[in-house]
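Residue numbers (this note's numbering), protein chains in the order written: chain A, 1 to 287; chain B, 1 to 235.
Check before you lean on any hint, since a few could be wrong.
Claimed, not checked - Away from chain A, derived, C-beta distances all over 12 Å, residues of chain B:
(1) 4
(2) 184
(3) 224
What the hints assert, rightly or not - Below 27 Å or equal to it, Euclidean Cα-Cα: the simulated BS3-like pairs (lysine-lysine) are:
(4) A/127 - A/58
(5) B/14 - A/89
(6) A/89 - B/19
No wet-lab data here; the hints were simulated from the structure.
In this text, a Cβ means the ideal position worked out from N, Cα and C, and glycines have one as well.
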Amino acid sequence: MDLLWQTAINAMYAASYMALIAVGLVMIFGVMGVINFAHGELYMVGAYCVVFLYAQEKFPFLLSVAAGLIFVGIVGLLMERTMFRPLRKNPLGGLIASIGFLLILQTLAVLGFGRRMGHVPPPTQGKIEIFGAILTYQRLFVIVAAILLLAALWAFLKRSKFGWALRACAQDAEAASLQGISMNQTARIAMFIGAALAGVAGALTAPLVSPSPYIGHSIIVTAFIIIIVGGIGSLEGAVIAAVLYAFVHTFVTTFFDGVIANIVGLALMFAVLVVRPTGLFGARERA
Amino acid sequence: MLLEIRDIEVRYQKIAALKGVSMAVPAGGIVTIIGANGAGKTTALRAISGLEPLTRGEIHFDDARIDGLPPEEIVRRGVAHVPEGRRVFPDLTVEENLRTGAFLRTERAAIETSLADVFARFPRLAERRRQWARSMSGGEQQMLAIGRALMSAPRVLLLDEPSMGLSPVMVQEIARIVTDISAQGTPVVLVEQNAEMALLLAQYAYVLETGAVALEGPAGDLHENDHVRRAYLGG
Numbered sequence: 001m002d003l004l005w006q007t008a009i010n011a012m013y014a015a016s017y018m019a020l021i022a023v024g025l026v027m028i029f030g031v032m033g034v035i036n037f038a039h040g041e042l043y044m045v046g047a048y049c050v051v052f053l054y055a056q057e058k059f060p061f062l063l064s065v066a067a068g069l070i071f072v073g074i075v076g077l078l079m080e081r082t083m084f085r086p087l088r089k090n091p092l093g094g095l096i097a098s099i100g101f102l103l104i105l106q107t108l109a110v111l112g113f114g115r116r117m118g119h120v121p122p123p124t125q126g127k128i129e130i131f132g133a134i135l136t137y138q139r140l141f142v143i144v145a146a147i148l149l150l151a152a153l154w155a156f157l158k159r160s161k162f163g164w165a166l167r168a169c170a171q172d173a174e175a176a177s178l179q180g181i182s183m184n185q186t187a188r189i190a191m192f193i194g195a196a197l198a199g200v201a202g203a204l205t206a207p208l209v210s211p212s213p214y215i216g217h218s219i220i221v222t223a224f225i226i227i228i229v230g231g232i233g234s235l236e237g238a239v240i241a242a243v244l245y246a247f248v249h250t251f252v253t254t255f256f257d258g259v260i261a262n263i264v265g266l267a268l269m270f271a272v273l274v275v276r277p278t279g280l281f282g283a284r285e286r287a
Numbered sequence: 001m002l003l004e005i006r007d008i009e010v011r012y013q014k015i016a017a018l019k020g021v022s023m024a025v026p027a028g029g030i031v032t033i034i035g036a037n038g039a040g041k042t043t044a045l046r047a048i049s050g051l052e053p054l055t056r057g058e059i060h061f062d063d064a065r066i067d068g069l070p071p072e073e074i075v076r077r078g079v080a081h082v083p084e085g086r087r088v089f090p091d092l093t094v095e096e097n098l099r100t101g102a103f104l105r106t107e108r109a110a111i112e113t114s115l116a117d118v119f120a121r122f123p124r125l126a127e128r129r130r131q132w133a134r135s136m137s138g139g140e141q142q143m144l145a146i147g148r149a150l151m152s153a154p155r156v157l158l159l160d161e162p163s164m165g166l167s168p169v170m171v172q173e174i175a176r177i178v179t180d181i182s183a184q185g186t187p188v189v190l191v192e193q194n195a196e197m198a199l200l201l202a203q204y205a206y207v208l209e210t211g212a213v214a215l216e217g218p219a220g221d222l223h224e225n226d227h228v229r230r231a232y233l234g235g
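Work out the full structure, taking the sequences as your base and the hints as a guide.
Structure representation (structure tokens):
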């Protein structure tokens with residue numbers, strides 16, 4: 001019983017940062033129609049912002065996380081301007097360009113920090129006990145930050161004019177342009193937010209994983225499974241699928257092992273696609 | 001003239017959808033464009049809104065050239081376009097759909113006034129303001145699409161096939177709405193396959209055939225024209 005509860009707490013942690021990553025990926029796809037293969041590397045760059053600023057240069061942890069969020073957001077803007085905008089009529093081209101960009105980011109990380117795993121000393125040492133399960137402050141901080149960030153994103157999308165514009169653009173870009181909503185502006189916002197969420201996920205979890213230039217790889221595979229299960233294009237779906245996937249994966253890892261957990265994760269995606277080809281919250285066919 | 005199209009050509013790859021079309025829309029009243037499927041009616045409206053690039057010709061709005069401008073800039077200048085098939089945002093609520101129509105406006109009070117006006121004009125939308133647009137009937141979605149366009153406080157309204165797929169009662173309703181909008185001072189360009197309705201509502205009409213203006217004139221005259229009667233009014 002204790003182990004079950006402890007595993008559930010661990011899954012909460014995994015769900016929180018995976019949700020940040022998956023939501024960003026869905027947002028970029030929704031507005032620009034392009035699959036950002038470099039999304040895992042944006043996570044990696046966020047982690048290295050903390051390696052550099054906090055672990056090496058001894059800036060405060062929170063400041064380093066904030067810098068990671070903004071820096072990776074700006075990398076996202078750069079990607080929009082140099083790759084996705086010129087290739088807007090060619091989503092496959094955008095995907096291929098993002099694969100190239102992934103390799104550039106990986107190489108830059110290797111050049112700057114070496115191939116070996118970085119180490120980030122945990123900024124906090126304490127832990128709390130919740131009904132017998134142990135949760136370190138560091139993990140608790142990730143969970144709380146993810147919830148706050150997702151709530152802020154929710155409020156932005158539902159309550160602000162640019163939020164409506166973003167959703168309108170994701171649903172019908174041409175009709176949105178007839179309302180005066182500029183595709184370029186919307187794409188910039190979506191790309192900044194989507195990249196910044198991946199970056200902040202990397203920055204927040206940097207003390208908990210050992211950042212290496214190649215951590216983006218497993219992240220992107222997991223993120224793809226999540227957004228397919230959730231229904232590509234659905235932000236709510238991405239959050240719920242992240243929770244679902246994290247629980248399944250964490251439980252199977254704990255009670256069997258990590259390889260079986262990956263297989264079960266893919267089986268989960270397969271099962272969802274058989275029952276609902278558009279994913280759990282996928283868009284209905286539009287006329 | 002408020003809006004003038006001068007000898008425009010639009011090509012989809014090799015095929016010319018519009019081959020040298022000229023039209024003029026005065027600052028008041030209803031101008032209609034009728035014609036068969038594929039005659040280029042929708043393309044003409046899309047060209048005005050900046051959705052289709054011209055390969056020849058010019059479009060002038062309010063004495064300024066607008067062809068080549070991005071769609072959002074054309075909206076900013078006062079051209080609102082209700083596209084074919086309504087194209088409301090299915091996963092936005094009715095009110096959110098309407099507010100996207102006012103995206104470029106900044107004066108909060110004036111936006112609220114416009115919203116109240118739209119709700120007064122379309123009580124059905126007021127009742128359903130928190131519903132998803134996708135849950136509404138075709139007629140309600142058409143009202144929503146028109147309301148959304150009005151939220152931009154347009155100086156001219158382009159309507160593409162507002163009667164498409166609607167019941168006869170709803171077509172009557174749409175006809176009344178179009179007349180009201182024009183009577184209240186916003187000129188309307190009405191593209192219609194329902195030529196009977198369009199010629200009754202409009203003061204001036206253009207007949208498009210395979211991408212060119214085949215006939216034009218006061219709507220009443222065209223309604224009595226033999227060719228128009230045979231080809232578009234069923235006898």
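Of the hints stated earlier, which fail here? As far as the earlier hints go, not one is violated by this structure.
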